[in-house]
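Protein chains: 2
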Amino acid sequence: MIVSVIGTGLIGGSLALTLKGNSFCTKVIGVDSNIANAQLALQLNIVDKIDNLQNAVRNSDLIIIAVPVDVALKVLPEVLDLIDNQVVIDVGSTKEQIVKIASSHSKRKRFVATHPIWGTEYSGPLAAVKDGFKGKVTVICNREESDVDALSIVEKMYDSLGMNRFYMDAVSHDIHAAYVSHISHITSFALALSVLEKEKEEDSIFELAGGGFESTVRLAKSSPDTWIPIFKQNRSNVLDVLNEQIFQLKQIKKLLEMEEFDTLYKLIQQANEIRKILK
Amino acid sequence: MIVSVIGTGLIGGSLALTLKGNSFCTKVIGVDSNIANAQLALQLNIVDKIDNLQNAVRNSDLIIIAVPVDVALKVLPEVLDLIDNQVVIDVGSTKEQIVKIASSHSKRKRFVATHPIWGTEYSGPLAAVKDGFKGKVTVICNREESDVDALSIVEKMYDSLGMNRFYMDAVSHDIHAAYVSHISHITSFALALSVLEKEKEEDSIFELAGGGFESTVRLAKSSPDTWIPIFKQNRSNVLDVLNEQIFQLKQIKKLLEMEEFDTLYKLIQQANEIRKILK
Numbered sequence: 001m002i003v004s005v006i007g008t009g010l011i012g013g014s015l016a017l018t019l020k021g022n023s024f025c026t027k028v029i030g031v032d033s034n035i036a037n038a039q040l041a042l043q044l045n046i047v048d049k050i051d052n053l054q055n056a057v058r059n060s061d062l063i064i065i066a067v068p069v070d071v072a073l074k075v076l077p078e079v080l081d082l083i084d085n086q087v088v089i090d091v092g093s094t095k096e097q098i099v100k101i102a103s104s105h106s107k108r109k110r111f112v113a114t115h116p117i118w119g120t121e122y123s124g125p126l127a128a129v130k131d132g133f134k135g136k137v138t139v140i141c142n143r144e145e146s147d148v149d150a151l152s153i154v155e156k157m158y159d160s161l162g163m164n165r166f167y168m169d170a171v172s173h174d175i176h177a178a179y180v181s182h183i184s185h186i187t188s189f190a191l192a193l194s195v196l197e198k199e200k201e202e203d204s205i206f207e208l209a210g211g212g213f214e215s216t217v218r219l220a221k222s223s224p225d226t227w228i229p230i231f232k233q234n235r236s237n238v239l240d241v242l243n244e245q246i247f248q249l250k251q252i253k254k255l256l257e258m259e260e261f262d263t264l265y266k267l268i269q270q271a272n273e274i275r276k277i278l279k
Numbered sequence: 001m002i003v004s005v006i007g008t009g010l011i012g013g014s015l016a017l018t019l020k021g022n023s024f025c026t027k028v029i030g031v032d033s034n035i036a037n038a039q040l041a042l043q044l045n046i047v048d049k050i051d052n053l054q055n056a057v058r059n060s061d062l063i064i065i066a067v068p069v070d071v072a073l074k075v076l077p078e079v080l081d082l083i084d085n086q087v088v089i090d091v092g093s094t095k096e097q098i099v100k101i102a103s104s105h106s107k108r109k110r111f112v113a114t115h116p117i118w119g120t121e122y123s124g125p126l127a128a129v130k131d132g133f134k135g136k137v138t139v140i141c142n143r144e145e146s147d148v149d150a151l152s153i154v155e156k157m158y159d160s161l162g163m164n165r166f167y168m169d170a171v172s173h174d175i176h177a178a179y180v181s182h183i184s185h186i187t188s189f190a191l192a193l194s195v196l197e198k199e200k201e202e203d204s205i206f207e208l209a210g211g212g213f214e215s216t217v218r219l220a221k222s223s224p225d226t227w228i229p230i231f232k233q234n235r236s237n238v239l240d241v242l243n244e245q246i247f248q249l250k251q252i253k254k255l256l257e258m259e260e261f262d263t264l265y266k267l268i269q270q271a272n273e274i275r276k277i278l279k
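Heads up: the protein sequence lines correspond to chains A and B, in order. For the record, in the first sequence the residue sitting at position 140 is 140 according to our numbering, with numbers rising by one throughout. For the record, in the second sequence the residue sitting at position 157 is 157 according to our numbering, with numbers rising by one throughout.
A portion of the hints provided could be inaccurate.
Note that identical chains are pooled: a pair holds if it fits in a single copy or bridges any two copies.
The calculated BS3-like cross-link candidates involving lysine-lysine, where the alpha carbons are at most 25 Å apart (straight line), are [said to hold, decoys possible]:
(1) 109 / 134
(2) 198 / 49
(3) 49 / 200
(4) 254 / 198
(5) 253 / 198
(6) 250 / 198
(7) 266 / 20
(8) 254 / 100
(9) 130 / 254
(10) 198 / 266
(11) 232 / 198
(12) 20 / 232
(13) 276 / 109
Simulated from the structure, these hints should not be mistaken for lab results.
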């Protein structure tokens with residue numbers, strides 16, 4: 001199986017690096033509109049070869065679109081135009097709009113909408129990690145809209161990465177993703193801004209930054225080029241959960257102001273229920 | 001050097017486990033008002049011996065108070081009453097009130113106020129970790145209020161744990177701690193509450209929980225027994241930073257509502273500045 005990866009950054013690069021020479025894949029062709037990144041991906045041995053979009057699509061069995069979610073909306077129809085009977089997937093963090101774009105294309109059934117859930121706060125080919133996806137969940141959306149053979153190839157690919165498959169409709173996916181991923185990024189950005197603001201008044205505030213700070217704020221290093229398109233596409237769900245988050249913080253604020261520590265104690269016990277989910 | 005550790009939970013237990021038999025310490029005596037925890041600490045070999053407060057203080061050179069910060073305000077004067085010329089430290093996450101309590105005691109100069117900055121979301125002797133503190137920062141507050149020899153012993157102890165020392169007045173410590181630790185816990189608790197609330201409507205929301213979610217929400221597992229006393233003692237600083245955090249989130253919300261993505265892009269770039277602090 002020859003695989004083309006369009007976009008050789010964190011996600012595409014990590015997929016390429018893991019697939020290259022594994023049981024599923026014999027060769028990985030990289031495509032990147034950023035020439036420097038394409039060269040870097042080749043130098044770092046993330047891909048076997050760099051080529052242009054047309055050649056790459058023509059010479060591969062599976063095409064993975066791993067570009068920011070706004071760019072994916074443009075690249076997907078281009079790739080579907082170019083294929084004969086090959087399989088195309090995307091790996092973006094939002095699914096509703098890409099599925100909508102795909103639905104009007106005559107080759108819709110060769111496309112499988114997916115979201116392998118793993119990432120770091122870094123981007124570009126240098127951020128690529130081998131086996132990052134192992135043991136994580138991949139979501140496959142609207143599978144009934146894809147050909148059975150196309151779906152099967154994509155499932156085999158994710159199996160070869162050691163990922164657990166989960167099936168969902170695209171609309172539900174985007175709601176869930178707002179809650180368990182997108183809001184974490186927003187609270188991290190806000191936390192970074194709060195602390196950076198304070199740093200202007202107080203020296204050496206970061207000397208005290210312990211592990212708790214690092215883990216909650218590290219996502220604030222994430223690139224706006226990745227995240228602005230995600231927030232655009234998932235705006236209404238993100239706003240829902242952001243409103244809920246502001247409500248919860250205001251509730252805690254009020255309890256602190258009123259010194260109602262018994263109620264706050266119970267609220268923290270409620271929050272502790274997250275233990276049943278996060279082991 | 002014989003060390004007594006009062007409170008054999010996450011912090012006290014981890015200190016005991018690391019000090020036990022290292023270059024600085026020959027023996028660790030554990031004291032815990034919770035009999036089950038005391039027994040557990042002995043069984044787990046966290047301490048060499050369990051004893052009551054009076055015996056432990058009498059038979060040791062250095063006494064570490066590692067109980068929740070509200071309990072520490074009561075335990076510190078008791079311990080200072082019991083000592084001859086031994087050294088006493090606390091290791092709590094808030095420093096202003098304990099320093100105030102200490103200042104009225106005739107043996108104030110035998111006390112050193114410290115905060116070794118490390119922890120996890122777990123508690124109790126089972127959560128104790130050897131070498132958890134290594135490479136982390138410990139804050140020593142109001143050092144001019146302690147005897148030179150007492151300070152020197154405490155510095156040697158922290159050196160033996162491989163910690164970096166940082167000196168600060170207690171008031172500044174509490175402001176800084178609100179920004180780089182306490183607020184992270186509050187946003188985590190709020191995030192957990194938001195998501196648990198949504199879970200009532202939506203099935204399987206957690207199947208999608210990726211690494212980003214886990215790292216921002218793991219602090220929400222932290223015990224209210226530890227955190228309510230911290231929020232009580234640092235209430236006004238925590239409220240300041242919580243107000244700032246709510247302001248930042250509202251700002252992001254407004255930009256999303258108005259679809260002002262260019263401004264949001266710039267705001268995320270500003271948040272990215274946290275990269276200069278968190279490597």
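Checked hints:
Taking identical chains as interchangeable, the C-alpha atoms of residue 109 and residue 134 are never at most 25 Å apart, the minima being 27 Å within one chain and 55 Å between chains. Taking the closest pair of Cα atoms, residue 198 and residue 49 never come within 25 Å of each other, the shortest separation being 48 Å inside a single copy and 45 Å across copies. In this assembly of identical chains, the alpha carbons of residue 49 and residue 200 never lie at most 25 Å apart, being 48 Å within a copy and 48 Å across copies at closest. Taking the shortest alpha-carbon separations for residue 254 and residue 198, both the intra-copy value of 22 Å and the inter-copy value of 22 Å come in at or below 25 Å.
For a Cα distance limit of 25 Å, the shortest separation of residue 253 from residue 198 qualifies both inside one copy, at 19 Å, and across copies, at 21 Å. Taking the closest pair of Cα atoms, residue 250 and residue 198 come within 25 Å of each other both inside a single copy (20 Å) and across two copies (18 Å). For the identical chains of this complex, residue 266 and residue 20 are neighbours neither inside a copy (51 Å) nor across copies (37 Å), given an alpha-carbon limit of 25 Å. Proximity of residue 254 to residue 100 under the C-alpha cut-off of 25 Å is found in neither arrangement, the shortest distances being 43 Å within a copy and 27 Å between copies.
In this assembly of identical chains, the alpha carbons of residue 130 and residue 254 never lie at most 25 Å apart, being 46 Å within a copy and 39 Å across copies at closest. In this homomeric assembly, residue 198 and residue 266 come within 25 Å of each other (Cα to Cα) only across copies, at 19 Å, whereas the closest approach inside a single copy is 30 Å. Proximity of residue 232 to residue 198 under the C-alpha cut-off of 25 Å is restricted to the inter-copy arrangement: shortest distance 22 Å between copies versus 29 Å within a copy. Taking the closest pair of Cα atoms, residue 20 and residue 232 never come within 25 Å of each other, the shortest separation being 33 Å inside a single copy and 55 Å across copies.
Taking the shortest Cα distances, residue 276 and residue 109 never come within 25 Å of each other, neither inside one copy (39 Å) nor across copies (46 Å).
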